[in-house]
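Now for the letters of each chain:
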Amino acid sequence: MPEAILDVRGLRKSFGALAATDGVDLDLREGETHAIIGPNGAGKTTLISQLAGNLRPDAGSIRFAGEDVTRLSAPQRARRGFARSFQITSIYRDFTALDNVALAVQAHAGHSFRFWRPARAERRLRDPARAVLEEVGLAARADVPAANLAHGEQRQLEVAMALATRPRLLLLDEPVAGMGLEESQRMVQFLSGLKGKCSILLVEHDMDAVFTLADRISVLVYGRIIAGGAPEQVRANPEVRRAYLGEEA
Amino acid sequence: MRARALILAACVLLLLAVPPLAMLFNQPYYIDLLRRVLIFAIAAVSLNLILGYGGLVSFGHAAYLGVGGYSVGILAFYGIHNGWLQWSLAILASALVALVIGAISVRTRGIYFIMITLAFTQMLYYLGVSVEEYGGDDGMRLKVKSQFSGLIDLDNPIAFYYLVLALLLAATYVVHRLVNSRFGLVLRAAKSNEARTRAIGFSPYPYQLVAFVISGAICGLAGALYANHTAYIAPAFMEWTRSGEIMFMVILGGMGTTPGPVLGAFALLLVEDQLAGWTQHWQIILGPLLVLSVLFFRRGLAGLLPKGRKDA
Ligand SMILES: Nc1ncnc2c1ncn2[C@@H]1O[C@H](COP(=O)(O)OP(=O)(O)OP(=O)(O)O)[C@@H](O)[C@H]1O
Ligand SMILES: [Mg+2]
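Taken in sequence, the protein lines are chains A and B.
Each step along the first sequence adds one to the number in the numbering used here, with nothing skipped, and position 221 is 222.
Each step along the second sequence adds one to the number in the numbering used here, with nothing skipped, and position 161 is 713.
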């Protein structure tokens, strides 16, 4: 087994009496897509937030590419190759789509203590940003303020911003939530094109998406991983079917 | 784009024409009035950088008017009238004070940020009141205006007016460049969506702190100008109502726009001047007027101008 790029051990996070993350062990191999599924309130978003550095765990460790990143801030992790999408779309609503992506490029293209030259004239930022918009199929909408994009387009834009940072690890929190069937199929197809290029931790309720994309699935219930393995194993696991897929085994 | 640029160019021409027109109609008072407006416009432009573009609601911007003013006044008190020295000190001292206040306040958010910036300004205000040597509560007169090796004479109201106008245009241009640079975009991004900004790899703090310092430095220059304008320096420069006024100019004129703070300074101070001419109780009228204007011009006076480019 190749060394894991992400290695999570004994992660714990409580909100008062509620153990939202209750001793999670998790790993992600280079280039792998690892899906986390689980019912509402299982602690999936809480887990992603701790991985991304937005939330401090109470205990446990997070290692990324051999380095302990448990104590690093979100921006520090981002500079090491973490990128995330939020369950509730998080974009710059008052900037154009192109500006949104160009900012993500800028975060990884030299320093930003440059005070005079107009950043919107920098081809070094605009060209790669345009290329990423092209990739996700938003090129025609580049100059539209992000607030005016359709919901599905905003989700695409958020993924575009994550990609523009050239991430090694992509943390996706329900990327197809709220999308129409066609949009969601397009997104799944797009994400499957990323497979192998970067490692993906995918939280998703849409089982079609999960079973299309995942190399491995972990099932999170009440803050604990109750089962994990290859998709067909998980699908067949009676405990999973009872606890999550909502079926009688 | 063109209509907006034309209107703004016309405004600048009008400002250039103020001294000859005032002399023509024998109304030198207007030179004095507008010079005061222009000085406050510089303060408002500086506040717009952090408030309008950075989302940092600094309720203590008058502090830098005071620091800038006292820098000129204290040097003059000890017989140093060299303007280059006085104004450099005004800018540097303001930047330094902004660095201290910013280092503590910029990490906080919302009401805490407002209260901390206000508290520091009140501290400086009471410091001014308590130092008897520099006139305490009454302040001190500036007997000799800043001297610029004979290059420009601030006792000449017209020359002084043009200097202030030039500095306002320069400050506006500098802020315009700043907010469209890489630095400025990070600043605006952090205002727009902090979580997203952190997630793509920017830690907003250093950018916000640097903006805070630049803003304080520019306002310090306005303070040096104001001390020369009134030929007087007093703790009243730093009263919290003054901070409120500057903030109001920015909001009224249009936060996060290039011409906004200048328009706001003109609107507020000219209306104030008119009302004060009519009645002693002008503040009773001004208050509701301000509330109404904010309700009606949600995007500020700059929002009434024809649309500019998206970054304007
Ligand atoms: N900041 C917080 N303070 C208190 N409780 C929280 C906080 N964030 C999450 N929780 C609680 O922790 C539990 C896990 O929440 P989380 O959002 O991680 O679930 P989730 O698996 O992402 O759910 P969903 O599928 O609905 O997105 C929930 O019971 C939630 O109410
Ligand atoms: Mg969630």
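Treat the hints as calculated values from the structure; they're not laboratory data.
Idealized CB from N, CA, C, for every residue including glycine.
One thing to keep in mind: the hints can contain errors.
Partial pick of chain A residues on the chain B-facing surface, computed with a CB cut under 10 Å [said to hold, decoys possible]:
1. F16
2. R80
3. S86
4. S91
5. Y93
6. R94
7. A103
8. A105
9. A120
10. E135
11. G138
12. A141
13. E159
14. T166
15. R169
Quiz item: If you check each hint against the structure, which ones fail?
Solution: Violated: hints 1, 10, 11, 12, 15.
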